[in-house]
Amino acid sequence: RQAPNANDLSSSNFLFFETLLFRETVVDPVDGITSLTGREAIETFDELSAPLKAKYGLRAAGWFEVESVAMFDSNNQKPDQIRFEFVPSYLSFGGLLAEEGQAE
3 RQAPNANDLS SSNFLFFETL LFRETVVDPV DGITSLTGRE AIETFDELSA
53 PLKAKYGLRA AGWFEVESVA MFDSNNQKPD QIRFEFVPSY LSFGGLLAEE
103 GQAE
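If you're matching positions, the sequence shown starts at 3 in my numbering and goes up one per residue.
Heads up, a few of these hints could be off.
[To be verified] Subject to a maximum C-alpha distance of 25 Å in a straight line, what follows is the list of computed DMTMM-like cross-link-like pairs (lysine to aspartate or glutamate): (1) Lys80 x Glu20; (2) Lys57 x Glu20; (3) Lys55 x Glu101; (4) Lys57 x Glu45; (5) Lys80 x Glu67; (6) Lys57 x Glu42; (7) Lys57 x Glu87.
[Claimed, not checked] Estimated spans, in silico, between C-beta atoms of each pair: (8) Glu45 x Ser91: 21 to 29 Å; (9) Gly34 x Ser70: 30 to 38 Å; (10) Leu93 x Arg25: 30 to 38 Å.
No lab work stands behind these hints, which were simulated from the structure alone. Every residue gets a Cβ at the ideal spot worked out from N, C-alpha and C, and that includes glycine.
Go ahead and model the full structure; you've got the sequences and the hints to work with.
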């Protein structure tokens with residue numbers, strides 16, 4: 003999870019912005035049986051996806067815990083975390099999405 007540096011910047015890269023709202027409990031994505039918290043499940047996903055993200059050059063530019071918000075959506079549910087992921091190019095992002103089972 004190495005952050006991008008000045009040598010990585012070009013006109014083809016971009017930041018992917020995502021908001022995460024963790025569920026209270028989920029089924030473990032690995033064994034399909036164990037009950038995990040939403041935060042534990044996303045940590046498992048991060049560990050499992052790290053090699054694939056590295057293959058396509060995606061890196062964490064910033065992950066932030068959300069403490070409070072002034073306004074977010076109509077359900078008044080604030081995200082638990084926001085993330086900025088550095089993506090080297092649309093081609094690399096497309097390669098990641100084309101990997102078997104990744105667009106889900």
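Hints the structure fails to honour: none
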